[in-house]
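K.L.:
Here is how the chains run, residue by residue.
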Amino acid sequence: MSFKRYLLTRAITMFGVLMATLLLTIALIGSNMDVILNKSVEIEIRKMVTDNNTCKNMSADECEVLTQKLIDERKRVLGLDKPWYEPKRIGLAVQKILILDFGHATFLTSDSGSSDVKDIIIEKLPRTILLFTTATIIISLIGIFLGALSASKLNSKLDRLTSTFAVVSSSFPVWWIGMLMIFVFAFAYQIFPARATPPIPSTDPGYIGALLYHMTLPVITIILIGFGSWAYLVRNFMIGVLQEDFVTAKRAIGIPEKKILYRHALKNAAPPIVTVLALSLSGSLGGAIITEAVFDWPGMGRLYYEAINVLDLPVIIGATYVLTAFFLASIFLADILYAYFDPRVKTG
Amino acid sequence: MNAKEIRQEFAKSKIGLAGIGILVILFALSVIAVTTIPAETFKEWNNPSNWITYPKTSEPAWINYISSEKIPEHKILKNPQMLSQTSGEVSVISQNFAVDFNYDGFPSDFIYEYSAKYSGAPLLQMSVIRPDGLKIDLISRSLPQSDGSIYSEQIFSTDDSVKKNLRKNANNFTFTTDLLSAEDIVFSETGQNKILKGKYVFQIKFYNVASDVDIQSSKLILGGKVYGIIGTDDLRRDLAVGLLWGTPFALFIGIVVAIGSVVIGLIYGVFAGYKGKITDESMMRFNDVIYALPTLPLLIILAVTLGNSIFLIIGFLVIFGWVGVAKISRSMAIQIKTLQYIEAAKIMGQKDIKIIFKHIIPQLLPFTFASIAIAVPGAITTEAGLSFLGLGDPTYPTWGQILHDANSFGAAARGLWWWILPPGIMIAITGLAFVFIGNAMDTIANPRLRR
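Chains A and B supply the protein sequences, listed in that same order. Per my numbering, residue 1 is the first one in the first sequence, and the count goes up by one each step. Per my numbering, residue 1 is the first one in the second sequence, and the count goes up by one each step.
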């Protein structure tokens, strides 16, 4: 199997997953969705009738009949007269979502007041990306450094500490550590705010600074939970590389240990590390829902949480779609990187 | 490797034994929970009236041993001194609840709870005689008209008429009492708003015309600020009960999900690997699809739309849990199926199903046990996460739900550590126990990991 063909099959699988998620979501909340869509059509038409003054010379009854007729007509055009599981309706819904037309939110709005789901998501997405990429970058830096160090000093105190910390930290839920961090840094020592949403409007020039300040606590929490298992992973990759002949040869030439470790060995351990990095990014996106709910970080995760609480279906569909798309994109990226670095995948 | 060898190997692993030790304790806790705390109690977890006699937001009781101040404990006073008098037509029944209050802080509240049988409309008067001799009237009200049926009531210190009566006593105190709650005035020195230690007598009198008031039961609750081993939450629930009941549920969810998903994954993977060709290809493509699904968002949507009973949630977790095991067991099956004894069995004409279940899967048993142990913590934390988002089964108290309540009452920012720490520690300890066991099993299953 050639590399191109490998990529093609992966891409097709990913697209299949995206569609499967979308269909599953629609199937699960379709019936509730119908009620909401019908209502919104009704409101829209009634507003149009009063705005355009269509019933200028009519009695109330005649006006009502006309409005009803208009509503029915619009529903037929939109296909709402048929149940949601009709293939044509599902096709229409999927097509709309594919071009990122998620419709209007029922309850939630963006900070600027728009109820268009697309606007809301565009506003929240960068914040989630900001939070989680910052945390992931710092985690991987600490993890790679610490992992390489413990691999070079196998069974030392540092090594054992890293391994223990990795096992222990991975069995704590991130959100629980988050609550503890709020307790320690927002209650006991009042250094950081408990809520991560800055109190000033997003148009304020100081907003970015406030956002970064409010971001500190969540970032520290994610790092605290994440870097242990990262270091452990890097350590295990590095142990394998450090046993190889070329390292022994370099040592024999007399190249300093530090240089061997960070220049040559790390380079050889890079492929799996980069792959896991891409995968862990996608994993943390999924965990964003709970983490953001704890810290009240105004990103995609909290949007999702709020949408679930008030059952804002268009937002749920839109957010699920976007989250899934990002999730799949990072898995796909991991696949590409893995195949690129590991020639065995290309040949199958 | 037979069972005895596995046991011997396992006994060598200190960390594995530690895991088993923790697990035994957790099972013991589950047994204690199931046998000692009646099932009604945990079903009433979300029913506030069940917890009315408990103190609100109290720290654990052992805090008094380490703190220099003596924080008031929760007191439920029963068996008051009874006195009945009759003068002419009017009969008076009085109850005296005496209490030595020697703590360094105010109680959190007081509640008088009674049920009485009477005819007519008696008058109830409640007052308190303080150590300094000052008598404060708290309440004076007539009970609803009745003809011999039982009437029960709870009078809270937050009652409006208590507040009104205390306002009449405001000139006894040199400081302003307007913004203070009832217990902070009743138990205060007159010169400054500090606790007045000594003997308090709460006096309740029932006046009735023509017939006596028959008091069936009565108690006075002095709400403490410390309670039990773990303390209580904002809804007065005893957290120790919640934590204890959470143990069997967490173990149940974790173990059932782990066994379910590992067994499904194992059979699926072995079947695909053994069959090979088109079957393998299509089964693994399906596996890829499930593998790439975003777990948490879909779990949330499933819980919101299909319901959140504990069994449904277990089902959802299994649906997303089997994929990884399937991938690994497939590759193992591919290795095993090339071995000669499998070839031999095939040539002898044994059925595929029989080969899979009799000759391949037994080889994978150590791996299976290790995978089950390693899968448990994930299942427990995911369920806790769902509960934390408020999507758990509301009929049972789980650790995740306790944390959900803690978060929605802002426990972290208010410093209510006893509400946050214990549930999380329980989750982590349970997870760790299984990780330890899993690691020990893994070393046995993969001898290459041994050094």
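It should be emphasised that the hints constitute simulated quantities derived from the structure, not laboratory data. Hints are supplied without guarantee of correctness; some may be wrong.
[As the list claims (entries may be wrong)] BS3-like mimics (lysine-lysine), calculated; alpha carbons at most 25 Å apart, straight line:
| no. | chain 1 | residue 1 | chain 2 | residue 2 |
| --- | --- | --- | --- | --- |
| 1 | B | Lys75 | A | Lys157 |
| 2 | B | Lys337 | B | Lys351 |
| 3 | B | Lys205 | B | Lys194 |
| 4 | B | Lys14 | A | Lys153 |
| 5 | B | Lys14 | A | Lys157 |
| 6 | B | Lys219 | A | Lys4 |
| 7 | B | Lys12 | B | Lys43 |
| 8 | A | Lys4 | B | Lys327 |
| 9 | B | Lys75 | B | Lys275 |
| 10 | B | Lys194 | B | Lys4 |
| 11 | A | Lys118 | A | Lys39 |
[Stated by the list, open to error] Here are the simulated distance ranges between beta carbons:
| no. | chain 1 | residue 1 | chain 2 | residue 2 | range |
| --- | --- | --- | --- | --- | --- |
| 12 | A | Lys39 | B | Asp352 | 54 to 62 Å |
| 13 | B | Ser282 | A | Ala11 | 35 to 43 Å |
| 14 | A | Thr134 | B | Val99 | 42 to 50 Å |
| 15 | A | Pro256 | B | Gly315 | 52 to 60 Å |
| 16 | A | Asn52 | B | Ser49 | 51 to 59 Å |
| 17 | A | Val35 | B | Ser282 | 32 to 40 Å |
| 18 | A | Glu86 | B | Ser282 | 25 to 33 Å |
| 19 | A | Leu23 | B | Gln154 | 51 to 59 Å |
| 20 | B | Phe409 | A | Thr164 | 50 to 58 Å |
What you are looking at is a predicted structure, and each value in this text was computed from that prediction instead of being measured. Each residue gets a CB set at the ideal place from its N, CA and C atoms; glycine is no exception.
K.L.:
Hint by hint, say whether it matches the structure.
P.N.:
Okay, the hints, checked on the actual structure:
1. A distance of roughly 51 Å separates the Cα atoms of lysine 75 of chain B and lysine 157 of chain A; the hinted pair therefore is violated under the 25 Å criterion.
2. Taking the CA atoms of lysine 337 of chain B and lysine 351 of chain B, the gap is about 14 Å. The hint holds against a cut of 25 Å.
3. The straight-line distance between the Cα atoms of lysine 205 of chain B and lysine 194 of chain B is roughly 29 Å, outside the 25 Å bound, and the hint therefore fails.
4. At roughly 23 Å between alpha-carbon atoms, lysine 14 of chain B and lysine 153 of chain A fall within 25 Å of each other, so this suggested pair holds.
5. For the suggested pair lysine 14 of chain B and lysine 157 of chain A, the alpha carbons sit about 18 Å apart, so the restraint of at most 25 Å is met.
6. Distance hint between lysine 219 of chain B and lysine 4 of chain A is unfulfilled; the C-alpha atoms sit about 80 Å from each other, more than 25 Å.
7. For the hint linking lysine 12 of chain B to lysine 43 of chain B, the alpha-carbon distance of about 43 Å lies beyond 25 Å, and the restraint is violated.
8. For the hint linking lysine 4 of chain A to lysine 327 of chain B, the alpha-carbon distance of about 23 Å falls within 25 Å, and the restraint holds.
9. Under the criterion of a C-alpha separation no larger than 25 Å, the hint pairing lysine 75 of chain B with lysine 275 of chain B is inconsistent with the structure, at around 70 Å.
10. At roughly 69 Å between alpha-carbon atoms, lysine 194 of chain B and lysine 4 of chain B are farther apart than 25 Å, so this suggested pair is violated.
11. This hinted pair checks out: lysine 118 of chain A and lysine 39 of chain A have alpha carbons roughly 20 Å apart, not beyond 25 Å.
12. Taking 54 to 62 Å as the suggested C-beta distance range, the pair lysine 39 of chain A and aspartate 352 of chain B conforms, at roughly 55 Å.
13. Between serine 282 of chain B and alanine 11 of chain A, the C-beta spacing of about 18 Å breaks the proposed range 35 to 43 Å.
14. Here the CB-CB span from threonine 134 of chain A to valine 99 of chain B is close to 57 Å, at odds with the stated 42 to 50 Å.
15. For proline 256 of chain A and glycine 315 of chain B, the Cβ-Cβ distance of about 57 Å falls inside the hinted range of 52 to 60 Å, so the restraint holds.
16. At about 56 Å, the beta-carbon gap between asparagine 52 of chain A and serine 49 of chain B stays in the expected band of 51 to 59 Å.
17. Taking 32 to 40 Å as the suggested C-beta distance range, the pair valine 35 of chain A and serine 282 of chain B conforms, at roughly 38 Å.
18. At about 29 Å, the CB distance of glutamate 86 of chain A to serine 282 of chain B agrees with the hint of 25 to 33 Å.
19. Leucine 23 of chain A and glutamine 154 of chain B have their C-beta atoms about 54 Å apart, which keeps the hinted 51 to 59 Å range intact.
20. Under the hint 50 to 58 Å, the C-beta atoms of phenylalanine 409 of chain B and threonine 164 of chain A, about 34 Å apart, miss the expected range.
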